[in-house]
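Asks: Chain by chain, the residues run as shown.
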Amino acid sequence: MLRLPDFTYIRPRTLAEAAGVLQELGTEAMAVAGGTDVYPKMKRGQFTPRYLVSLSHVEEHRGIRREDGRGLWIGAGETLTAVAGHANVRREFPALAAAAGLVSTLQLRNAGTIGGNLFVDTRCNYYDQSFFWRQAVGFCLKKDGDICLVAPKSRVCLAICSSDTAPVLSSLNAEAVLVGARGSRQVPLETLYRDDGIDYLAKRPDELLQGVWLPEASFGWRNVYLKLRRRGSFDFPVLGVAAALRVGATGTCEAARIVLTAVASAPKVVEDAPRVLCGKPVDGAAIEEAAELAMRVSHPLDNADMDYWYRKRMTRVFVTRALRQLADAGAATAGPDAALV
Amino acid sequence: MSDSETLTGKRLMRLRVNGEPQEVAAHVTHSLLEVLREEMGLTGTKHGCELGECGTCTVLVDGEPIYSCLMLAVEAEDRDVTTVEGLALQSRPHPLQRAFSDLGAAQCGYCIPGILLAAKALLDKQPNPARPDIEEALSGNLCRCTGYTKIIEAVEQAVGEMRG
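Going line by line, the protein sequences match chains P and B.
Residue numbering for the first sequence follows our numbering, starting at 226 and increasing by one per position.
Residue numbering for the second sequence follows our numbering, starting at 328 and increasing by one per position.
Think of the hints as simulated: they come from the structure by calculation, not from any bench.
All values reported here derive from a predicted model rather than from experimental measurement.
All residues carry an ideal CB built from backbone N, CA and C; glycine is no exception.
Hints should not be assumed to be uniformly reliable.
[Said to hold, decoys possible] Some chain B residues flagged as far from chain P (calculated, every beta-carbon gap over 12 Å):
1) M367
2) R419
3) D429
[As the list claims (entries may be wrong)] Now the in silico label distances, taken between C-beta atoms and shown as ranges:
4) P:A554 - B:N455: 24 to 34 Å
5) P:D508 - B:R425: 35 to 45 Å
6) P:D293 - B:R406: 31 to 41 Å
7) P:R275 - B:P459: 44 to 54 Å
8) B:R406 - P:A474: 47 to 57 Å
9) B:R425 - P:L227: 29 to 39 Å
10) B:R425 - P:M226: 24 to 34 Å
11) P:H524 - B:P420: 46 to 56 Å
So that you can see chain P by itself, here it is in the shape it has in the complex (with noise of 0.2 Å):
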């Protein structure tokens, strides 16, 4: 039996209480949802807390609803499965239903939240292995480590931001609630994220995710998110393409967002695509350039599986496909899983 390092578990019943808990044991506690990330990384002495502040006794960030004027908030300890069943997120959101449908496997979105998944720890294939295998190879900066494996003179940390439900979130312009020890804050999501494979999440430790709006403003435009896989479930993802569009009445395109995961540490915005495609209607020219300008920012690295070239070269491949896929549907439309099989 692969077994849990000893801990001591703490069960607070409010958000604020666990910020409290979290700001007074410092780096020695973590906070803990579904466990679906943590548990695995505790056996693999990736994580290394003595204290874990489970949220589950909390019920503040549960909740999907529809709040006229406000938009669509969705609880951080929602599990992925009932993000992605959920009607309302279904009709008008569907890539973030494709998103977070995608994740993994059935067992583990019936665990897993929609807060774990937008701050899942970065990934890398020098740092997710066994114990014995980091000591073997030697350890990474990342964790017990000096050194970078992907890139020797790096200085920092180059693991890959691995979630797809945040870069769906981010192209839609979700808003973060935080609640930490100080008091909760409401941030654009996009800021809560640094281009740093290990102090990925630029938000204080003792700050937990309550939720996000979808806000009003993000109802009507279109949205679909490609994922690049090897297996058809399971695996994280090696590339992901959220795109998002408002097209107006005449077919013109007004705003458009396209992000992209696991080509950094963090959820990539492609901050040109708005130039190419705003203001005309989305066509075969204006989607080539829009793709073209996503595979010159999208710089994956030799620390997940399939070769990173390939996975450059797929961002174009991928976004063409998204914005052909809103081009043609005139409506929303659900995501196939763009894997391998």
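Once you've looked at the hints, dock chain B against the given chain P.
Replies: Structure of chain B alone, referenced to chain P:
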């Protein structure tokens, strides 16, 4: 941490497994898988990767399939846990078990308890699933022997039998 509950060491847990309420003393850090197998003697639930990457430890919690290697037993308190031992109806095997046996859908058999439960969860919700539904429902369970064909056929046979 005034209102927080702090758990450490061993604890008397109230678990409801296969319809039977039981009290079991187990360590707070132990997974549901460890407690089922080691404290309750229910070794039908298998341990494979223990990292959520294989599916053989699948059990149902409140009717939903989950990986028991990734859930702490304390989190299963006061919830309904179903293991493969709870699949038979009285002394008669479940139609899924009969179909798997008839068709030789198990080879080494190690993945089968998890697959039976994942299939049961599907049939409980959707009594007449199409083949893609079955494939989707079983896509969180790896089998290294069969190539899945026999397994999917067995689920289809069970569907037919349960429909009568």
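Asks: All the hints need checking, so say for each whether the structure fits it.
Replies: Quick rundown of the hints versus the structure:
1. Separation of M367 of chain B from chain P is adequate, the least Cβ-Cβ distance of about 15 Å exceeding the 12 Å criterion.
2. The Cβ of R419 of chain B lies farther than 12 Å from every Cβ of chain P, with a closest approach of about 27 Å, so its non-interface assignment holds.
3. Even its closest Cβ contact with chain P, about 26 Å, leaves D429 of chain B beyond 12 Å, as expected for a residue assigned away from the interface.
4. Judged by the Cβ atoms, the range 24 to 34 Å given for A554 of chain P and N455 of chain B holds: they are separated by roughly 30 Å.
5. At roughly 58 Å, the beta-carbon separation of D508 of chain P and R425 of chain B lies outside the given 35 to 45 Å, and the hint is violated.
6. Distance hint for D293 of chain P and R406 of chain B: a CB-CB separation of about 35 Å, consistent with the stated range 31 to 41 Å.
7. The beta-carbon spacing between R275 of chain P and P459 of chain B, approximately 46 Å, falls within the hinted interval of 44 to 54 Å.
8. About 50 Å separates the C-beta atoms of R406 of chain B and A474 of chain P, a value consistent with the hinted range of 47 to 57 Å.
9. At about 34 Å, the beta-carbon gap between R425 of chain B and L227 of chain P stays in the expected band of 29 to 39 Å.
10. Between R425 of chain B and M226 of chain P the Cβ separation comes to about 32 Å, which falls inside the hinted range of 24 to 34 Å.
11. Under the hint 46 to 56 Å, the C-beta atoms of H524 of chain P and P420 of chain B, about 55 Å apart, fit the expected range.
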